[in-house]
Amino acid sequence: MKFFNRRQRMMIGIFFSIAFLVIVCVLGNLNTEAARVTDFSRKNLAPCSSYIFGTDWLGRDMLARTLKGLSMSILIGVVSAAVSAVVALVLGIAAATLGKTADSIISFVIDLIMGVPHILLLILISVALGKGLKGVVIGVALTHWPSLARLIRAEVIQLKESPYIQISAKLGKSRWYIARKHMLPHLLPQFLVGLVLLFPHAILHESSVTFLGFGLSTEQPAIGIILSEAMKYLVTGKWWLALFPGILLVVTVIMFYVLGESLRKLLDPNSVHQ
Amino acid sequence: MKRRWIVFIGKNLIRILLLTICISMVTFALMKASPIDPLQANVGQAALGTMSQEQREKLEEYWGVNTPPIRQYLSWAGDFVRGDMGISLLYRQPVTEVIAVKLSNSLFLMITAWIISGVLGFLLGVVSGMNQGKFVDKLIRGYCLVVSSTPAFWLALLLLMIFSVWLQLFPIGLSVPIGVEASGVTFLDRVYHAVLPALTLSITGVSNIALHTREKMIDVMQSDYVLFARMRGEKGWRLFRYYGFRNVLLPAVTLHFASISEIFGGSVLVEQVFSYPGLGQAAVAAGLGSDLPLLMAITIVSALIVFGGNLAANLLYGMIDPRIRRGGAVK
Numbered sequence: 006m007k008f009f010n011r012r013q014r015m016m017i018g019i020f021f022s023i024a025f026l027v028i029v030c031v032l033g034n035l036n037t038e039a040a041r042v043t044d045f046s047r048k049n050l051a052p053c054s055s056y057i058f059g060t061d062w063l064g065r066d067m068l069a070r071t072l073k074g075l076s077m078s079i080l081i082g083v084v085s086a087a088v089s090a091v092v093a094l095v096l097g098i099a100a101a102t103l104g105k106t107a108d109s110i111i112s113f114v115i116d117l118i119m120g121v122p123h124i125l126l127l128i129l130i131s132v133a134l135g136k137g138l139k140g141v142v143i144g145v146a147l148t149h150w151p152s153l154a155r156l157i158r159a160e161v162i163q164l165k166e167s168p169y170i171q172i173s174a175k176l177g178k179s180r181w182y183i184a185r186k187h188m189l190p191h192l193l194p195q196f197l198v199g200l201v202l203l204f205p206h207a208i209l210h211e212s213s214v215t216f217l218g219f220g221l222s223t224e225q226p227a228i229g230i231i232l233s234e235a236m237k238y239l240v241t242g243k244w245w246l247a248l249f250p251g252i253l254l255v256v257t258v259i260m261f262y263v264l265g266e267s268l269r270k271l272l273d274p275n276s277v278h279q
Numbered sequence: 004m005k006r007r008w009i010v011f012i013g014k015n016l017i018r019i020l021l022l023t024i025c026i027s028m029v030t031f032a033l034m035k036a037s038p039i040d041p042l043q044a045n046v047g048q049a050a051l052g053t054m055s056q057e058q059r060e061k062l063e064e065y066w067g068v069n070t071p072p073i074r075q076y077l078s079w080a081g082d083f084v085r086g087d088m089g090i091s092l093l094y095r096q097p098v099t100e101v102i103a104v105k106l107s108n109s110l111f112l113m114i115t116a117w118i119i120s121g122v123l124g125f126l127l128g129v130v131s132g133m134n135q136g137k138f139v140d141k142l143i144r145g146y147c148l149v150v151s152s153t154p155a156f157w158l159a160l161l162l163l164m165i166f167s168v169w170l171q172l173f174p175i176g177l178s179v180p181i182g183v184e185a186s187g188v189t190f191l192d193r194v195y196h197a198v199l200p201a202l203t204l205s206i207t208g209v210s211n212i213a214l215h216t217r218e219k220m221i222d223v224m225q226s227d228y229v230l231f232a233r234m235r236g237e238k239g240w241r242l243f244r245y246y247g248f249r250n251v252l253l254p255a256v257t258l259h260f261a262s263i264s265e266i267f268g269g270s271v272l273v274e275q276v277f278s279y280p281g282l283g284q285a286a287v288a289a290g291l292g293s294d295l296p297l298l299m300a301i302t303i304v305s306a307l308i309v310f311g312g313n314l315a316a317n318l319l320y321g322m323i324d325p326r327i328r329r330g331g332a333v334k
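Order-wise, the sequence lines are chains U and F.
For the first sequence, the numbering used here gives the first residue as 6, with consecutive numbering after it.
For the second sequence, the numbering used here gives the first residue as 4, with consecutive numbering after it.
These aren't lab readings, by the way, just hints derived from the structure by calculation.
Mixed in with the good hints, there may be bad ones.
[Claimed, not checked] Among the chain F residues that face chain U by a calculated CB cut under 8 Å, a handful are: (1) G236; (2) G239; (3) L242.
[To be verified] Every beta carbon over 10 Å from chain U, so not counted as near; a handful from chain F, in silico: (4) I73; (5) P97; (6) E237; (7) R244; (8) L252.
Here the structure is a predicted model, which means the values were calculated and not measured.
From the three backbone atoms N, C-alpha and C, an ideal C-beta is built for every residue, glycine too.
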């Protein structure tokens with residue numbers, strides 16, 4: 006009864022998730038103006054055919070605001086996940102190749118960062134950088150690498166024991182040459198998947214921190230801000246303010262997970278031919 | 004054997020101590036690097052403008068604007084070791100007292116959520132792993148995917164909306180009824196107020212442990228001894244009880260102890276939504292108000308809780324697993 010084989014289903018999953026994310030980004034940026042327009046003649050409308058997500062207490066179209074906020078969150082998520090992933094790759098390889106001292110220092114730093122609950126760390130960094138967009142982006146970018154770095158480090162340590170790397174070392178190749186020519190290609194698929202799977206975390210943390218009131222100013226409709234404003238109006242029964250933006254946020258995050266999982270299955274030689 | 008345990012625990016404790024010291028230093032440096040003027044953040048621009056120079060100087064002294072950072076850190080650290088965590092600038096009470104109150108509220112919430120999510124996640128993982136590929140498995144995996152994509156604060160908003168605003172079953176916030184004296188608050192009241200926050204935390208905490216347990220369960224189900232047991236006709240509960248349970252319990256317990264930091268992070272958000280006066284809410288208030296002593300103390304306390312969890316995981320690993328307990332290598 007299956008119309009597609011697994012590989013094709015994976016491809017479809019990747020295609021849909023990328024398409025969804027691109028559409029959200031494009032629509033969000035096209036709607037910048039619409040997200041700001043306030044119109045008191047249409048405030049506090051429940052969802053109807055012309056305003057699918059309803060409007061808020063200033064008469065702003067919630068759909069436009071949500072899209073704008075999400076596109077911003079996606080952007081922040083992508084940037085900070087990319088930075089985190091590069092840091093993780095460099096540190097992971099460095100920890101495993103540069104010898105014991107470097108390894109123990111890097112492991113110590115990883116433990117250090119993982120010791121503080123993530124949200125608390127984000128709060129600290131955000132405060133240190135004076136709140137605002139910069140604090141959020143830097144905070145999210147600087148705190149997501151430890152788990153991936155740990156993964157890469159373990160992988161590299163395992164790789165170092167493998168015959169082809171040992172032979173290469175015995176043949177007199179430098180550490181840098183081995184890392185570049187032998188290890189990097191091997192790590193790349195895992196790294197890519199790790200990168201994609203960092204997005205959802207980055208976005209969730211970004212929205213959490215903005216929700217708590219750190220970071221973006223209230224004029225910029227980040228998704229966390231929208232939801233924290235919605236919270237204030239929740240008691241008055243305006244459920245649509247919180248419900249729809251939240252659902253869209255969840256869908257976005259799921260899309261990133263689907264993307265990452267599909268990529269993993271496609272890139273992993275063990276599952277690619279199933 | 005015994006000596007090795009002592010060495011192992013000692014090493015871990017020293018590491019924790021070092022890490023905690025480093026964390027306190029980094030936190031302090033971060034707080035000092037902050038460009039936010041504690042005066043402006045707490046007094047307000049307008050009030051500051053109308054103040055006389057002397058009043059401003061007094062306030063500057065109170066918030067410690069002019070002392071050099073290293074001296075501040077050293078004096079703070081000296082007091083901290085003696086058990087004096089300073090005085091919270093926001094609450095105007097000793098930090099130790101603030102933290103004691105908030106922590107007891109938070110711990111109540113976190114421990115409940117931690118236990119519920121652990122048991123529930125373990126059960127879901129086992130069920131899903133034993134029925135790999137079937138409908139139940141897909142359902143549970145889908146549930147985990149959705150839950151791990153859901154921000155804790157949004158889930159809290161939803162539950163608040165449904166149970167407190169619409170159905171009016173549960174209170175909207177706080178940990179005790181409004182307008183009742185502290186002595187009049189019964190244990191039941193506290194439980195009643197903690198139901199929704201704890202529920203939120205439990206729901207979001209499930210996915211990680213469920214997926215992990217599922218993987219391990221699948222490994223076990225594919226092993227030779229389970230194949231043999233199946234050949235003998237064992238199945239269902241018996242199969243799980245005698246062949247799966249202990250094998251998957253160990254990784255699940257270890258993972259769950261190591262995931263305390265996530266529960267803590269979730270509690271920060273959830274407490275904010277339910278205005279539950281716990282440690283997380285205090286952390287947010289301290290962060291927004293640049294309350295350095297309180298924020299530092301909270302960071303260190305939470306780090307100690309996390310490290311305690313990790314240490315417990317390591318110890319349990321050695322104690323539960325017979326292979327390690329009977330003379331195998333202790334990591």
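Quick one: work out the minimum CB distance from F/R244 to chain U and report holds if it exceeds 10 Å, violated otherwise. Per Cβ check, F/R244 is outside 10 Å of chain U; nearest 32 Å; holds.
Just double-check F/I73 for me: nearest Cβ-Cβ distance to chain U has to come out over 10 Å. holds, 17 Å
Close enough to count: is the Cβ of F/G239 nearer than 8 Å to one in chain U? This interface hint is violated because 28 Å lies over the 8 Å limit.
Taking C-beta pairs only, is F/P97 more than 10 Å away from all of chain U? Check passes; 21 Å lies beyond 10 Å.
Would the least Cβ to Cβ distance between F/L252 and chain U come out above 10 Å? holds, 24 Å
Given a cut of 8 Å on the nearest C-beta pair, is the interface hint for F/G236 held or broken against chain U? With a minimum Cβ separation of about 31 Å from chain U (threshold 8 Å), the hint on F/G236 is violated.
Could you check if F/L242 really has its C-beta closer than 8 Å to a C-beta on chain U? This hint is violated: F/L242 lies away from chain U, its Cβ roughly 27 Å from the closest one there, beyond 8 Å.
Evaluate the condition: distance from the CB of F/E237 to the nearest CB of chain U exceeds 10 Å. At about 29 Å from chain U, F/E237 clears the 10 Å cut-off, so the statement holds.
Violated hints, in rising order: 1, 2 and 3; the structure is consistent with all others.
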